[in-house]
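Residues per chain are reported as follows:
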Amino acid sequence: MQCDVCIIGGGLVGCSTALHLVRAGKSVVLVERDRIGAHASGANFGGVRRHGRNVLELPLSTRAFDIWRNMGTLVGNDCEFMPTGHLKIARSEAEMAVLEQWSSFGAEHGIPVVLHDRTSLRANFPWLNTSSFGASFCPGDGHANPRLAAPAFALRAGAEGAVVIQGDGATTVEDARDEFEVTLHSRRRIRAAVLVNAAGAWGRHFARYYGDEAPVEAVAPQMFVSEPVPYIIDAVLGMVTGGLYLRQIPRGNVIFGGGRGILDPNCHRSSPSDRVFAETVGLAGDLVPSLRDIAVIRSWTGVEGHCEDGLPILGPSPRRANLYHAFGFSGHGFQMAPAVGAVLSELIARGFSETDISALSPRRFTGAKSSILAESEI
Amino acid sequence: MRAAETLLRAGLSAALIDEAPLAGGQIYRQPPESLRRPARQLYGSEARKALALHESFSRLRTSIDYRPETLVWGAREKRLLLSGPAGNTELAFDKVILATGAMDRIVPVPGWTLPGVYSLGGAQVVLKGQACLIGKRPVFIGTGPLLYLVAYQYCKAGAEPAAIVDTSDFTAQIGALPRLLSQPATLLRGIWYNAALVARRVPVFRSAKPQKIEIRGRQLVVTFKRNGKSFEIGGDAVGMGWGLKPETQLAEILGCAFSFHAGSRWHLPRCDAMGRSSTEHVYIAGDASGIRGADAAEAAGELAAFAVLEDLGHTVPQTRRQRLLAHLARAERFRSGLERAFPYQVPELAGDTVLCRCENVTVEEVRAAISSWQISELNQLKALTRCGMGRCQGRLCGSAAMEVLAAETGVEISDVGSIRGQIPLKPLIGARFQRKAAP
Ligand SMILES: Cc1cc2nc3c(=O)[nH]c(=O)nc-3n(C[C@H](O)[C@H](O)[C@H](O)COP(=O)(O)OP(=O)(O)OC[C@H]3O[C@@H](n4cnc5c(N)ncnc54)[C@H](O)[C@@H]3O)c2cc1C
Chain A
1 MQCDVCIIGG GLVGCSTALH LVRAGKSVVL VERDRIGAHA SGANFGGVRR HGRNVLELPL
61 STRAFDIWRN MGTLVGNDCE FMPTGHLKIA RSEAEMAVLE QWSSFGAEHG IPVVLHDRTS
121 LRANFPWLNT SSFGASFCPG DGHANPRLAA PAFALRAGAE GAVVIQGDGA TTVEDARDEF
181 EVTLHSRRRI RAAVLVNAAG AWGRHFARYY GDEAPVEAVA PQMFVSEPVP YIIDAVLGMV
241 TGGLYLRQIP RGNVIFGGGR GILDPNCHRS SPSDRVFAET VGLAGDLVPS LRDIAVIRSW
301 TGVEGHCEDG LPILGPSPRR ANLYHAFGFS GHGFQMAPAV GAVLSELIAR GFSETDISAL
361 SPRRFTGAKS SILAESEI
Chain B
1 MRAAETLLRA GLSAALIDEA PLAGGQIYRQ PPESLRRPAR QLYGSEARKA LALHESFSRL
61 RTSIDYRPET LVWGAREKRL LLSGPAGNTE LAFDKVILAT GAMDRIVPVP GWTLPGVYSL
121 GGAQVVLKGQ ACLIGKRPVF IGTGPLLYLV AYQYCKAGAE PAAIVDTSDF TAQIGALPRL
181 LSQPATLLRG IWYNAALVAR RVPVFRSAKP QKIEIRGRQL VVTFKRNGKS FEIGGDAVGM
241 GWGLKPETQL AEILGCAFSF HAGSRWHLPR CDAMGRSSTE HVYIAGDASG IRGADAAEAA
301 GELAAFAVLE DLGHTVPQTR RQRLLAHLAR AERFRSGLER AFPYQVPELA GDTVLCRCEN
361 VTVEEVRAAI SSWQISELNQ LKALTRCGMG RCQGRLCGSA AMEVLAAETG VEISDVGSIR
421 GQIPLKPLIG ARFQRKAAP
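If you read the protein sequences in the order shown, they are chains A and B. All letters in the first sequence, in the order written, are residues 1 to 378 by UniProt numbering. All letters in the second sequence, in the order written, are residues 1 to 439 by UniProt numbering.
Next up, chain B with everything else stripped away, as it sits in the complex (with noise of 0.2 Å):
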C-alpha cells in the first residue's frame, strides 16, 4: 500500500493486486463488514497506524487499479497470470513490486496435525478477520515476538491462554537487548506485552522442549521438557509458530538470484538497500525479502517505489530517501537481534512425527530414505519420499525438512537446497480453464 501510494504521488499508474479481500495485509487485515469491532480492539497499540495506512488506502482507491481477492498463480518476463472474481487474466508490467509478505514458520511437534491446532498466524487471521478465537484456554507453543502478540491478543479478546511455551531461553533475549534496543519502540511494546500476560497470571515457560500435543477427553494437552523435567499443560486448543518465513515463490519464479540467510537459515531473494532484485524489473519490499515487520515494510514499500522512481528517471527527495533508508537498517539490526533472542532452533524430532501433513510423511521415512537412497539435496528428497510434493508445495514442511536432511547427512544446512517453486503459486481450480460448457 505504501509503494502504491508513492507511485501514484509520482504520477505513475499503477496495479495492486492482493489475495485478500479487503485491504491491510496481515498484520492491519480487515475484518467483513458484517464482523466490524473498533480499531483500538482490533490491532491494539498499533491502531493508530492502522488507521492511517487504511485511510491512506481509501483515499488512493479510486486513482489505482485494485484487485482484491485475486491471486497472481505466475509470472513470466513482463506478464502476471492473474486468477481473480474476474476469471483468468494477465496483466503487462514495467516493473513490479512484490510485497508478498511471510507466513508461519512451523517445527513439527508429534500432534501438531491434530484439530485444534492452528499456526500463530492462523490464529491471528480467525481473530482480525472472522472476529473468532482457536479457543477459550489456547496454549502457544513456540518463539519470537508473535508468539507473545497473539497470546496477548487473545487476551484482549477475552481468552485466557493456559500458557505460553517458549523454545527460547530467557539469557539469549537478554544477550539480543543491545541489537534489540535499535528500535526502543517496538522493544518496549514487547516488553508491555509481556508485562500485559504476566499481569493476567498467563504462565511462561521458557527453555522448553515440546514433546508431543494429544487429545485427552475435550483437552488438547501439550507436553514439553524444561530442565529435564516434563510438563503437562491442558488447553482446548494450540496456537504454534516459530517466526515467520518470507513468501518467495514469485520472486523465484521471476528468476530473482537468492543467497542463503544464516540468522534465519532460510535462502531468501537478494536485494540492495532499496528493495532491488537481480532481476531488472522486480522490486522487492517487506517480509518478502527477510522478515522485519510492520514498520519496516511501510519504509520499504516506499523506498522500493523510490527506486522504481529512480530506475524510471524521476527525482525523489533526497531527505525522504535518507530517512527510510536508515530506519530499515535499524530495522535490520533489530531483526538480527530478534534472531538471537528467539534462534531458531530444531529440535531432535521424534520419528513418528509427521514432517509433511499434506503427503503424511513422518520424520523416521524421511530419515531412512535418506539413508537407503543416499538423498543429499532437497528436490531428491521430495521426489523420492514425497514430503513437499503435496497441496502447499512444501511451504510448510520445506523449512523442517532441510533441517532434516542437513542433521542426517552432515551436509551445510546452506548446502541441502530448497524446494523449487512452479507454477501455479498456489492451488488453482481446473474449471477456471474451460472453454466450452459441461456436455
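Here chain A stands alone, though its shape is the one from the complex (with noise of 0.2 Å):
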C-alpha cells in the first residue's frame, strides 16, 4: 500500500492527525494494532481543561480548547463536551499560593480564572465538604465522553478518504529509499513519504528505530465509576496535588479517578489494584461527602505514556527527516490531542504551524538536561 502519509497508532492523537491530514488533502493510512481507542484514549477520565496545565502545553492546550468547543462541525459528534468549567482544590496555604501563581500564567494566555476562598466555597458548589482551603475555578473548561472521541475521529476520516486498520499492528518500520517501509503484523506492507508515531504508552519503540530516545514509561492511571445519582456536581474537580479527579455526567454517574493501577509485565495492558481502589474512594468520599453513600460499578485502568518532565514528545525528528512524533502524553492527551493532530497536518503539509510545540520538541533530550517542572496530574 503505498501513501503519503502512514500513522502508526489509533488513539486520539493519531485518529485527529488522520482527519486533518485527509482535510489537508494527504493521503492517509492509519494502524492500530488493537481497535480504535482502545487504550489510553478510551479509558481515560476525560477532562477537557487547560487549567493548572504547564505553561509550555498552554500554546497547544488553548488551541485544543477552541477545538473542542466546535467538536459537533469538526467530526460531526459533539463526544458529549461538556464546558461546566473546571475547579481545582487547595486543601492549605501552599496549596492555594499554587494556584495564585497559575492565574497570573492564565490571565497572559487569555485563561481567566476566578479564586474562592472557603467562604466563597461554600456558597458556590455546596456539594463539596467544608475542610478544603480554597480553590481555582476555570470556566469553559469541563469534559467529553473519552469512549466516542477517538472512533468519532477515525469514523470521519475514514469516511472523508483515510485508510484505517484495526487489528493489525506495525511490527517494524524500514527506509525504503527516502520513504518509510511499515511492516504489519499480517505482513501487509505500507510505503509512505511521512510517518508519524502515535503510538501512546509504546511510542518509544518506534522512536528508537531512528535513535531518537525519549525518558518515557508506561503508567496506567486508575478510574473508577458510581451509580446514576441525581445530577449535583456540576464542575470538574481536581486537586493541586493530583490524588484525586471528579466529575458526574448527566445521565448521573460520578466519574473519578486517582493513583495507579497494575500493568502487565509486557506492558500491553494493566489492570485496577485494590489498594488504590480503597484509597481513592475514600478520598473521593472525603471531597463529595455524599458519594460515601453510593455504590461503585466498575474500575478500570488505562496505559499511558508517562515523560519524566510530564509533557508530550511532539514534533518532527531530530534525526530522520519526515519523522515525526506524538507520543508520551503524560495525562494530558485526551485534551490536546485535537490539537495535536491540526498541528501536525500543518507541519507535514505546510511546513509550519502558528502554534508553537517547540518546547514539546524531542530534542529536549538529545543533550542538555531540560529544567522543565514536572506537572503529573490528569
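Certain hints may be false.
Simulated crosslink set (DMTMM-like; lysine to aspartate or glutamate; CA at most 25 Å straight-line) [what the hints assert, rightly or not]:
{"id": "1", "chain 1": "B", "residue 1": "K426", "chain 2": "A", "residue 2": "D264"}
{"id": "2", "chain 1": "B", "residue 1": "K225", "chain 2": "B", "residue 2": "D415"}
{"id": "3", "chain 1": "B", "residue 1": "K426", "chain 2": "A", "residue 2": "E279"}
{"id": "4", "chain 1": "B", "residue 1": "K78", "chain 2": "A", "residue 2": "D293"}
{"id": "5", "chain 1": "B", "residue 1": "K78", "chain 2": "A", "residue 2": "D4"}
{"id": "6", "chain 1": "B", "residue 1": "K426", "chain 2": "A", "residue 2": "D293"}
{"id": "7", "chain 1": "B", "residue 1": "K95", "chain 2": "A", "residue 2": "D264"}
Hints in this document: simulated from the structure, not taken from any laboratory.
The task is to assemble the complex, starting from two chains supplied on their own in separate frames and drawing on the hints.
So, in C-alpha cells, the structure goes:
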C-alpha cells in the first residue's frame, strides 16, 4: 500500500492527525494494533482542561480548547463535551499559593480563572466538603466522553478518505529509499513518504528505530464509576496535589480517578489495584461527602505514556527527516489531541504551524538536561 | 459445602465465603428463622438432599472459617478481597475453589422491565428465602427445566399459575430423550413435575414466541404467537428465564482461560474433569463452569476438593474419585440433552425492546449504533452504546447483546467477544472505604 502519510497508533492523537491530514489533501493510512481508542484514549477520565497545565503546553492546549467547543462541526459528534468549568481544590495555604501563581499565567494566555476562599467555595459548590482551604475555577473547561472521541475522529477520517486499519499492528519500520516501509503483523506493507509515531505508551519503541530517545514509561492511571445518582456536581474537580479528579455526567454516574493500577509485565494491558481502589474511593468520599453512600460499579485502568518531565514528545524527529513523533502525553493528551492533529498536519502539509510546540520537541532529550518542572496530574 | 467438607476431612484448614446469610446455595436456600417451614414444603422431592446437606454443614460449622453475608469483590494473585459484616478485609489463600453458581439467562421481551415481572430464579428466591410469592396467578415464560420446576413449586405453595409459555417445542424434547436417559432419576423428576402441572390443569404452551408483556388494569398480559396464531394470557405476575448462565466474573479476574461453549452459547472457564482451571491455584466446581445442576454440583465440589488435595500431595480415595467422575460424565451428557430439549434460541427481537435495563438501551438503538459505528465486538458495543455499562455490568443483558451483535454483523457468536469483568465484582458502597468520620 502506498500513501503520503502513515500513522502508527489509532488513539485520539493518531485519529485526529488522520482527519486533519485528509482534510489537508494527503493520502493517509492509519494503523492500529488493537481497536480504535482501545487504550488511553478510550479509557481516560475525559477531563478537558487547560486549567493548571504546564505553561509550555498552553499554546497547544488553548488551540485544543477552541476545537473542543466546535467538536460537533469538526467530526459530526460533539463527543458529549460539556463546558462545566474546572475547579481545582487547595487543601492548604501553600496549595492556594500554587493556584494564585497559575492564575497569572492563565491571564497571560487569555485564560481567566476565579479564585475562591473557603466561604465562597461553600456558597458556590455546596456539594463539596467543608474542609477545603480554597480553589480556583476555570470557566469553559469541562469534560467529554472518551469512549466516543477517537472512534468519532476515525469514522470521520475514514469517510473522508483515510484508510483505517484495525487489529493489525506495525511490527517494523524500515527505510526504503527516502520513504518508510512499515510492515504489519499480517505481513502487509505500507510505503509512506511521512511517518507519524502516535503509538502512545509504546511510542518510544518506534522512536528508537531512528535513535530518538525519550524517557517515557508506561503507567496505568486508575478510574472509577459510580451508579447513577441525581446530577449535582456541576464542575470537573481536580486537586492541586493531583491525587483525585472527579466529574459527574447528566446521566448521573460519578466518574473519578486517582492513583495507578497494575501493569502487565509486557506493559500491553493493565488492571485496577485493590489498594488504590480503597484509597481513591476513600478520597472521593472525603471530597464530596454524598459519595460515601453510593456504590462504585466499576474500576478500570488505561495504559499511558508518561514522560519524565510530564510533557509530551511532539514534533519532527531530530534525526530522520519526515518522521514525526506524537506520544507520551503524560496524562494530558485527551484534551490536547484534537489540536495535535491540527498542528501536525500543518507541519506536514505546509511546513509550519502558528501554534508554538517547540518546548515539546523530542529535541529536548538529545543532549542538555531540561529544567522543565513536572506536572503529573491528569 | 461439599468441597469444604472434603477438605476439612483431610485435615486442611478452609474458609467458606458466601454472599448469602445462610448456607444452602440457590437450590437449598434457607429462609430466616422467623419464616421456617418444613423442608418437605420448601424443597419438595429434594427435601432429603437439602436436609442432608444442611446437616452435614452444621457439623462443619465449628471447624471451618465460615463467613456468611460476605461478598468477594475482587482478587489478585493469592488474595481475595472481601466485603462483609467485618467491613472490608483480605484473605490470603493457597488454593481457591470457585463455586459461584449461576444466574438466570434472560431473553428480553417488550415489557420485561415492568413491575411484577421477575426472573425464574428471583421467583424461587422470594419463595424459598422470604416465603413470598411473586403472584397468586403468575405466568411463567421461557424454557428449560427451571420453568417447570418453579411452576411446580409455586403450585405446591398455593399459587395457581395462569400458564406456562415454553419457547421450545415438544419434538426437541422427545429428540433429546436418549441423552436425558443418562440421568433417569432427574428425567423422571422432570416428568413428574410436568404430570403434576397437568393434573393441576396448568395450561402449557410449547413452541411459543413471546411478543410482549403489558399492564392492563390490574393484570399483566402476556401476548405470544404459536403456529401463526396470537394468544393472550393474563396473570398477576410474570416469571421468565431461559435456563441459567454461569457466574464467571471471579474466574476471569483470577486470569482463568475461557473458551466458547456452543451448546450454551456462552464463554466458559476451561477446566479439566476434576475442576482444575488454567490458573494453577484456581479450581472451579458446580454451575460456575457449566450448568449441570445440583446433584452434579455436589459431586463436582467433592472432586474439586480432591484435585486440591492431589495437587498438595495428599492421596485421595480412588474408587470414590472414579464414582464421582462417572457421575459428572453422566451429568455432562444429560446437560447436552437438556440443551437439545430446551435450546436457547434468541428470537427476532422487536426494535423497541429494552435490551439493557440498567441503562435503558433499546434493541433498535443498539442496531443503529452497530451499523453507524461499524461495531464488531461486544466491549466496543458497550463503550459506544452504554449497553451493559450499568449496575449489573452486563450480567443480565450480555448474553442477548451478544446475540444481537452476531445477528446484525454476521460475525459468529463465538467471535463477538464477551463483556470484560473488572473489580468490584458487584456494586460496592463508598462508605466502606472511609477512613475518617464525616466532618
Ligand atoms: C486513566 C487515564 C485517565 C486520563 N485522563 C485524562 C484526562 O482527564 N484529560 C486528558 O487530557 N488526558 C487524560 N489522560 C491521558 C490521555 O488519555 C492520553 O494522553 C491520550 O489519550 C493519548 O492518546 P494517544 O493517541 O497518544 O494514546 P493511545 O490512546 O494509547 O493510543 C496509542 C495507540 O497506539 C497503538 N499502538 C501501539 N503500538 C502499536 C503498533 N506497533 N502498531 C499499531 N498501533 C500501535 C495502541 O494500540 C494505541 O491504541 C488519561 C489517561 C489515562 C490512562
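Hints, verified against the model:
no., hint, verdict
1, B:K426 x A:D264, "holds (24 Å)"
2, B:K225 x B:D415, "violated (31 Å)"
3, B:K426 x A:E279, "holds (18 Å)"
4, B:K78 x A:D293, "violated (30 Å)"
5, B:K78 x A:D4, "violated (51 Å)"
6, B:K426 x A:D293, "holds (15 Å)"
7, B:K95 x A:D264, "holds (22 Å)"
Hint compliance for this structure: hints 2, 4, 5 are broken, all remaining hints hold.
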